[in-house]
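Taken in sequence, the protein lines are chains A and B. Heads up: the first sequence begins at 1 in this note's numbering, then just goes up one per residue. Heads up: the second sequence begins at 1001 in this note's numbering, then just goes up one per residue.
I should point out that these hints are in silico values taken from the structure, not numbers from a laboratory. Certain hints may be false.
Said to hold, decoys possible - Within a straight-line C-alpha distance of at most 30 Å, the following computed DSS-like cross-link-like pairs (lysine-lysine) qualify:
#  : chain 1 : residue 1 : chain 2 : residue 2
1  : B       : 1357      : B       : 1444
2  : B       : 1195      : A       : 52
3  : B       : 1474      : A       : 64
4  : A       : 90        : B       : 1380
5  : B       : 1056      : B       : 1449
6  : B       : 1474      : A       : 90
7  : A       : 18        : A       : 76
8  : B       : 1382      : A       : 64
9  : A       : 18        : A       : 120
10 : A       : 52        : A       : 76
11 : B       : 1444      : A       : 64
12 : A       : 90        : A       : 52
13 : A       : 64        : A       : 90
14 : B       : 1444      : B       : 1382
15 : A       : 64        : B       : 1056
16 : A       : 64        : B       : 1380
17 : A       : 90        : B       : 1382
18 : A       : 120       : B       : 1382
19 : B       : 1444      : B       : 1474
20 : B       : 1357      : A       : 64
21 : A       : 52        : A       : 12
22 : A       : 90        : A       : 76
23 : A       : 12        : A       : 120
24 : A       : 64        : A       : 52
25 : A       : 12        : B       : 1195
26 : B       : 1359      : B       : 1337
27 : A       : 64        : B       : 1359
28 : B       : 1380      : A       : 12
29 : A       : 12        : A       : 64
30 : B       : 1382      : A       : 12
31 : A       : 64        : B       : 1449
32 : A       : 120       : B       : 1380
33 : A       : 120       : B       : 1195
Said to hold, decoys possible - Covered stretches of chain A, going by a simulated chain B footprint (3 or more residues, C-beta under 8 Å):
#  : region
34 : 37 to 43
35 : 59 to 67
Note that the coordinates shown come from a computational prediction; the quantities given were computed from them, not determined experimentally. Cβ atoms here follow ideal geometry from the backbone N, Cα and C, with glycine treated the same way.
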Amino acid sequence: MANIPTELRYTKSHEWLKTEGGLSVIGLTQFAVDALGDIVFIGLPEVGDEVKAGASFADVESVKAVSDVFSPVSGKVVEVNEELPDSPEKLNEDPYGAWLIKVEAAGESEELLDAAAYEKVCAEEEA
Amino acid sequence: MKLLFELSRTGRGQDLLPLSDVPACEFGGELLRQAPPRLPEISEVDLERHYTELAKQTHGVNDGFYPLGSCTMKYNPHINEDMAALNGFTGIHPLQDENSAQGCLEVMYRTEQLLNEITGMDAMTFQPAAGAHGEYTGLMLIRAYHLSRNDTARTKIIVPDSAHGTNPASAAMAGFTVVSVPSNAQGGVDLEALKAAAGSDTAGLMLTNPNTLGLFDPNILEITRIVHEAGGLNYYDGANLNAVMGHVRPGDMGFDCVHLNLHKTFSTPHGGGGPGSGPVGCKKFLDEFLPEPRVVRDEGGALRFACPEHTLGKVRSFYGNFLVAVRALTYITVLGKEGIPEASETAVLNANYMMHKLKGHYDVAYDAACMHEFVLTLEKLKQETGVSAMDAAKRLLDFGMHPPTMYFPLIVHEALMIEPTETESRETLDRAVQVFLDILEEAKTDPEKLHEAPHTCPIGRPDEVGAARNPVLKYEFA
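Excised from the complex, chain A in its bound form (with noise of 0.2 Å):
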């Protein structure tokens, strides 16, 4: 079973969230770069884009698939993993240090799940 640290909120889309310093802190699940096999191309949004709650903010590429990333809440981008896109490594290596994106949250935002409801649906996509 993959890492699911319980200090985080998750989608079932496969995205996690944390609030830091007031910022909503997006990042991929272990479970989702588990599933996509070795990341090779990482598109991401900039400084001062809106993102959409539900909405396709980036893209991330593995050798078997393109896959969109969902934002869990509405709002607008302070903040980009500019690294991320020369080592796109280290989404695969540490998923949960590699964070995407860091947003300034307005408002409404997905239906949000704790680690233990995620597990569950990390389970169920496993049956």
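Since chain A is already given, all that's left is putting chain B on it; use the hints.
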């Protein structure tokens, strides 16, 4: 193996290129390069051996079974090549006067008539160079239609989650926002999700039917009706037309435009990446937007190039990959009205035959009668033995078979997507089934052998990650 650049020796050459028989054209000094190009200098025999050696290291339909799902790697009849090689087709110039090219125009005209009949469309363009190019062209038609009605709010294209990756990519490229709808438990489109997604911002739906799971969606009329009622248009991805030729027509399923992959369904060799041809057909109400030129017959009976009234313009130079249309016309004409539907029936029969023989040993992703292809999932096998779809696919190479499509569709884990096509004999299918069963046995007894497969190929497991992250795209001179 050495590259041509590494084989090069100064002063060697060959006579493959004839001497120029037209006057040389002189350019001004500033247009001329300062140093000659660094092209390889190689004798004819060394060149022949180089390419023969490369050919020996490949696997084509002429080498053995090639069940690459959704790619329709059928055998391409020789008569296609004979026709495409006729002087009248190869010795022609694209800028030649149309009066002196009536035979070529006749090919485009007749092929269009036949393909319109097969798809239930009213008009077709041959400009797009392959499938995804056709998708893009079809989406431009849909956009042109909505804009012509001043309906500017239609910005979304609905795509099922089992779609070929090119569908959302083409929609994004054409400037639309992609809305994904999930599959239902039977592998078809989830109707409730589709109803929720369709609305006043829907430009259209892109659908492959049968879909990438090899399943014909029984709700197809309901699906296209939902989209039409929302004011959107229905786009048919013809990738899997080989399952239904002469049996059902996209035009009768409620689709407004369609692309075909002539190189797949209508047989042009395409394993090396081309040339392809992705003609786009449409209903009458869209034909004013088609790319130009189109071939029409004038009052005198002669064929002419014409420009549709509100044409998109050109999506490619000249007339598309014309010789692929020659092969398609040959293929359809040789098979005829009985042969075309029979080809589809045999393709479906072959797929079901293989699936039936493998079922009970391998897990089938969706346990239902399939169309021209079916999807296995090796997820359980991987959990039990550590042998992945990749390992099994690599091992097939040792038995002289091309692997099926892997890890697709994305909604099936550890997927192998098998499309035998109609041109394989029962003996070939039986042998392929036996190989699959032998590999299953090996997975249980000697998984290490599968992790290390293939054992007989010049290249076993290329570094895909390295190739994607650090591609070397040109020769670096020492």
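Here is what the structure says about each hint:
1. 1357/B x 1444/B: Answer holds: residue 1357/B to residue 1444/B is near 19 Å, not above 30 Å.
2. 1195/B x 52/A: OK: residue 1195/B and residue 52/A at ~22 Å, within 30 Å.
3. 1474/B x 64/A: holds, 25 Å
4. 90/A x 1380/B: Roughly 29 Å separates the two Cα atoms, so the pair holds.
5. 1056/B x 1449/B: The hint holds at about 25 Å.
6. 1474/B x 90/A: holds, 28 Å
7. 18/A x 76/A: Distance of about 16 Å is within 30 Å: holds.
8. 1382/B x 64/A: Cα-Cα ~17 Å, so holds.
9. 18/A x 120/A: holds, 20 Å
10. 52/A x 76/A: Holds - the C-alpha atoms of residue 76/A and residue 52/A are around 9 Å apart, at most 30 Å.
11. 1444/B x 64/A: holds, 25 Å
12. 90/A x 52/A: holds, 25 Å
13. 64/A x 90/A: holds, 17 Å
14. 1444/B x 1382/B: Holds. Residue 1444/B to residue 1382/B sits at ~10 Å (cutoff 30 Å).
15. 64/A x 1056/B: holds, 27 Å
16. 64/A x 1380/B: At roughly 19 Å apart (the allowed maximum being 30 Å), residue 1380/B and residue 64/A satisfy the hint.
17. 90/A x 1382/B: holds, 26 Å
18. 120/A x 1382/B: The given pair, whose Cα atoms are some 21 Å apart, holds under the 30 Å limit.
19. 1444/B x 1474/B: violated, 43 Å
20. 1357/B x 64/A: Distance ~28 Å between residue 1357/B and residue 64/A Cα, so the pair holds.
21. 52/A x 12/A: Distance ~16 Å between residue 52/A and residue 12/A Cα, so the pair holds.
22. 90/A x 76/A: At roughly 24 Å apart (the allowed maximum being 30 Å), residue 76/A and residue 90/A satisfy the hint.
23. 12/A x 120/A: holds, 10 Å
24. 64/A x 52/A: holds, 27 Å
25. 12/A x 1195/B: holds, 22 Å
26. 1359/B x 1337/B: Between residue 1359/B and residue 1337/B the Cα gap is close to 34 Å, so the pair fails against 30 Å, i.e. violated.
27. 64/A x 1359/B: holds, 25 Å
28. 1380/B x 12/A: holds, 23 Å
29. 12/A x 64/A: holds, 21 Å
30. 1382/B x 12/A: Cα-Cα ~24 Å, so holds.
31. 64/A x 1449/B: holds, 23 Å
32. 120/A x 1380/B: Roughly 19 Å separates the two Cα atoms, so the pair holds.
33. 120/A x 1195/B: Holds, at about 28 Å.
34. 37 to 43: With 3 residues in contact (Cβ-Cβ under 8 Å with chain B), the coverage given for the region 37 to 43 of chain A holds.
35. 59 to 67: holds (count 6)
Of the hints listed earlier, those the structure fails to meet are numbers 19, 26, in rising order.
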